[in-house]
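Novice: With these hints in hand, go ahead and build the complete structure from the sequences.
Single-letter residue listing:
2 protein chains.
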Amino acid sequence: MKILLSIILILLSPALLAVEEWHTPDNENLVYMQLNTGTVVLELAPFMAPKHVAQFKALVKEGFYDGLDFYRVIDGFVAQGGDVTEQKVSQHNQQLKAEFSRVTPQDSDFMLVQSPDFMAPETGFLHGFPAGREPVSKQEWLLHCPGTVAMARSTEADSATSDFYIVIGQATRHLDRNMSSFGRVIYGMPAIQALQRAELNNASGVIDDKDKRSKILSIKLATDIPQLQRLKLQVQTQQSEAVQQRLASARALESEFFHFKGNGNIDVCYYQLKSRLVE
Amino acid sequence: MKILLSIILILLSPALLAVEEWHTPDNENLVYMQLNTGTVVLELAPFMAPKHVAQFKALVKEGFYDGLDFYRVIDGFVAQGGDVTEQKVSQHNQQLKAEFSRVTPQDSDFMLVQSPDFMAPETGFLHGFPAGREPVSKQEWLLHCPGTVAMARSTEADSATSDFYIVIGQATRHLDRNMSSFGRVIYGMPAIQALQRAELNNASGVIDDKDKRSKILSIKLATDIPQLQRLKLQVQTQQSEAVQQRLASARALESEFFHFKGNGNIDVCYYQLKSRLVE
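Order-wise, the sequence lines are chains A and B. 56 is the number of the first residue of the first sequence in our numbering; add one for each residue after it. 56 is the number of the first residue of the second sequence in our numbering; add one for each residue after it.
For the record, the hints were derived by calculation from the structure and aren't laboratory data. Since the model is a prediction, treat every value here as computed from it, not as a measurement. All C-beta atoms, glycine included, are put in the ideal place defined by N, C-alpha and C. Wrong hints could be hidden among the right ones.
[Said to hold, decoys possible] Between beta-carbon pairs, the in silico distance windows are: (1) PHE313(B) <-> GLY319(A): 43 to 51 Å; (2) ASP264(A) <-> VAL74(B): 32 to 40 Å; (3) ASP263(B) <-> PHE313(A): 22 to 30 Å; (4) ALA258(A) <-> GLN299(B): 28 to 36 Å; (5) GLY122(B) <-> SER259(A): 52 to 60 Å; (6) GLN294(B) <-> GLN150(A): 38 to 46 Å; (7) SER209(B) <-> GLN142(A): 56 to 64 Å.
Specialist: And the structure:
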């Protein structure tokens, strides 16, 4: 009886019930960019920006971005790609209604990490993406952290079409709730960091000489790439024990390497969930 | 009489008394790195870490770093350079006493930007460097922002010698008051961002294959470089009106581009002072 109880307890123990640290992201939400600097994989966020994701995927599907470039690249800020000429015609290149945030749904998997955050009442993870939440207005949104992908726009909220940017410097948190973030880089950030920048004195960041711009050779949906050519990528699962331990350790700075133990606050943009390649 | 008063008022007006936006940094504090990815200029911070700066300059002067490499480069974290073999002999390669912070001197030019900051009671600028300050303990220190240069060390506080790192990702603020920061990149951050990274699955970040590492061709003191070969660099002056206006604008997000106006907080690591090249 005692042995049986032990077995039941072991079977019910948190370690066995725990969520696995790594999971394979859904290919439906993955996009492969071939740049002259390397391969980049984006994970899209249809849960937050369904219209932006649908339009981006439609543009990718028709090859809209192939042969275009990163024409505005400001070190410490963003790398913006797309059609700077605004000449390319596509039925999918339509003005999009802003998707800056969403009303927190009943079944939101938002996982609180930091409250209050510097720029938001709460920050944490949402479907593995760094996210913010405001309990009063019941809004949640994706944070502008390094690797965040969002659609560029002009002054009007509903003016985004096809040009997108990737955050390449210190988090541009002033763009949170101001831009439609629709993805994140889960592989190949070094290829993004290697993109040709605008010159130091070029405030607009637009690289006038087309030949100097880094090239988008192609962007493809993962589902349009033969399985053998896809990377075997996994991403960390926000609810996993390993992630919880990493966050707890980051709060406490318990390693004896740290002589000053901080104040317990965490910057979610620094402690983003990791990716790995599996054999 | 009225005209005379007007002239006196104009002469005394803040615009005329104001500090110039740009100044030329002292060559005594500048160091030029020639990497296989480009030219980088560091501004050193003897006011904060005099022993680290003195040892770094002595090592640079004797050519200690020439031919070494960036052997540990983790995307989103730091690029660490120096002698991974620990074989290179120099009388200047001595263990340094930690210079994590200093007691705020009477004549400190610390300029408060944000209080409280997420990770410190106060953040702002100190001699143009992003800095933190704690009024209670009267300590001030340099922040770990993108572009911050600090000496690497082992677990013990007083163990740094010659290997250094540069922050290349989201600010590693957990290293504030834990490492001796002694400089910042004022030119060539794109060349740092182009450094070869360790592979995704390489947790230590040490690039084992020496041939894959980005190279330090040379590091030289600006004062050892002929004047005509130096860059004509200027940096923004923290007390200038232009900087004040930029910070005020960042707090208010007053441009109509911003539909959500934020909460008035500023991340000093994002709003670092700028550099420019002059003719």
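Novice: Taking the numbered hints from earlier one at a time, note which ones the structure violates and give those numbers from smallest to largest.
Specialist: Of the numbered hints, 1, 4 and 5 do not hold.
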